[in-house]
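Asks: Chains as they are written, first to last, in the working numbering: chain C, 15 to 326; chain G, 127 to 240.
Note that these hints are calculated values from the structure, not bench results. Mixed in with the good hints, there may be bad ones.
[Stated by the list, open to error] Interface residues of chain G toward chain C, partial, derived using beta-carbon atoms under 7 Å:
id : residue
1  : Asp158
2  : Leu160
3  : Ser161
4  : Met164
5  : Ala165
6  : Gln177
7  : His179
8  : Pro180
9  : Asn181
10 : Ala184
11 : Leu188
12 : Gly205
[Stated by the list, open to error] Anything over 12 Å on all C-beta distances counts as not near chain C; from chain G, calculated:
id : residue
13 : Met127
14 : Gly137
15 : Arg141
16 : Lys144
17 : Gly148
18 : Gly199
19 : Leu222
20 : Thr223
21 : Ser226
22 : Val228
23 : Gly229
24 : Phe232
[Said to hold, decoys possible] So the derived label-pair ranges between C-beta atoms look like this:
id : chain 1 : residue 1 : chain 2 : residue 2 : range
25 : C       : Ala186    : G       : Cys162    : 19 to 27 Å
26 : C       : Glu240    : G       : Leu176    : 33 to 41 Å
27 : G       : Arg134    : C       : Leu304    : 50 to 58 Å
28 : G       : Gly137    : C       : Glu32     : 57 to 65 Å
29 : C       : Asp315    : G       : Leu176    : 38 to 46 Å
C-beta atoms are modelled at their ideal positions from N, C-alpha and C, and glycine is treated no differently.
Single-letter residue listing:
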Amino acid sequence: MAQITRLQELAYEVKIEEVMTRDPVTVSPETSMSDLRAILRDHRISGAPVVEDGVLVGIVSIEDLIKALAAGEMDAQVGAKMTRDPMTVYADETVVLAVNYFDRQRFGRFPVIDREGELVGILTRGDIIRGLLKQLELEYHQEEVLRHRFSQVFEEFIADLTSITLHRQVVARDFQNAGEASSRIKRVLGRLGVSPQIIRRVAIATYELEINIVIHTDEGGEIIAEIQPQKILIRAVDRGPGIPDVAKAMEPGYSTAPDWIREMGFGAGVGLTNVKRCADEMLIESPGGLWTSVKVVIYLDQNQPAGEKQAA
Amino acid sequence: MKLKEICRELGLEVRTAKEKLGREVTGGYASDLLSCVMARAQSGNIWVTLQGHPNIVAVASLLNLAGIVLTEGVEPDAGTLTKAEEEGVAILTTPLTSYSVVGKLFDLGVPGAD
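Please model the complete structure; the sequences and the hints are all you need to start from.
Replies: What follows is the structure, encoded as structure tokens:
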């Protein structure tokens, strides 16, 4: 019944030391709560292990800080407010163990120790998801088949800045494989649980940019899609010959495609119009006719304006 | 209306992705310009065209179209058939003209994408 996803498999394969944050910021039991506040703020962290003479004695979090703040006890020492003898995990254990701990315990982070008991890192949910996504991205580059959605995971960790970047080379005049980059990006978005309307807009925009590289460049180029929690950035970069008149190229119906390409149904002169209609933001650069870069932003938030939605 | 019923009513020859014939067709679109198809055709639409090269599969797959009808006896390229089978895109062929196919689809109650 329960299908094992690749993400779950990875949780069994990847070790905690591969995803944890090394050399974590630590505090001592004598640190005052007001100093702790500055430390957490400066390092943009939400908790820290408490170490005394090299030995882990506790853990203190932003929650403890808020309680102290509410009670007017900011002069108190960390030692009095921390959680003593915190649950720890071993660096050489697998990530799945920590995932189970996070499920069952209310803690937001676990100190990581080696088998000698030495503190070597700290582990948050964010560390786990970044580590696993990085692994998935590596596998994507190896062109292994990704089979699973991890939308729930994305939602759960939405607070963390997590992104996936996909690169795909596009070969000039290769009409046989044109559309491959867009298909791959579409597939990944589908697995991430992105809404069909957004996928449609990304698919149309990347397809047109990809086809432009196939039709108009001498040496091809690259499509790069960066998927962030709030938006998708698409960049199409090529090595020339560039667009002499960008404003003209944006006019619907204007095309420089030769007849043999038009006969295949390409080069109708509405490609960039299509991209613009699907994009929340679009920027074309083609300096001195040397190369062209098109940047497109599509927000994942449904409330963002988009022409494609009105047209649909 | 299901793709299967459309194939039967119009006498279309199913060339690829027989497993997709149970799909519901949401509407139709006809054009030989790929960017126009990208702009207008909607998910679940049937697309009527004269183009037989492999890129029609990419377009249909990206838009999640229900199927492609190749008219006037156009023979899809070998690469098109292989790719369509891989991607699960139904390709249907007919000796009828695009005009007639669209007319018959309308008679069957398949609406335009607009």
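Asks: If a hint holds in the structure, say so; if it doesn't, say that too.
Replies: The hints, checked one at a time:
1. Asp158: 5 Å, holds
2. Leu160: 5 Å, holds
3. Ser161: 5 Å, holds
4. Met164: 5 Å, holds
5. Ala165: 5 Å, holds
6. Gln177: With Cβ-Cβ at 5 Å, under 7 Å, it holds.
7. His179: 6 Å, holds
8. Pro180: 6 Å, holds
9. Asn181: Cβ of G:Asn181 sits 5 Å from chain C, so the hint holds.
10. Ala184: 3 Å, holds
11. Leu188: 4 Å, holds
12. Gly205: 6 Å, holds
13. Met127: 21 Å, holds
14. Gly137: 25 Å, holds
15. Arg141: 18 Å, holds
16. Lys144: The claim holds: G:Lys144 sits with its nearest Cβ about 22 Å from chain C, beyond 12 Å.
17. Gly148: 20 Å, holds
18. Gly199: 18 Å, holds
19. Leu222: For G:Leu222, whose nearest Cβ neighbour in chain C is about 20 Å away, the distance exceeds 12 Å, so it holds.
20. Thr223: Non-interface label stands for G:Thr223: nearest chain C Cβ at 17 Å, farther than 12 Å.
21. Ser226: 20 Å, holds
22. Val228: 17 Å, holds
23. Gly229: 22 Å, holds
24. Phe232: At about 21 Å from chain C, G:Phe232 clears the 12 Å cut-off, so the statement holds.
25. C:Ala186 with G:Cys162: 19 to 27 Å: 23 Å, holds
26. C:Glu240 with G:Leu176: 33 to 41 Å: 37 Å, holds
27. G:Arg134 with C:Leu304: 50 to 58 Å: Since the Cβ atoms of G:Arg134 and C:Leu304 sit about 56 Å apart, the hinted range of 50 to 58 Å holds.
28. G:Gly137 with C:Glu32: 57 to 65 Å: Hint holds: Cβ distance 59 Å, inside 57 to 65 Å.
29. C:Asp315 with G:Leu176: 38 to 46 Å: 40 Å, holds
Of the numbered hints given earlier, the model fails none.
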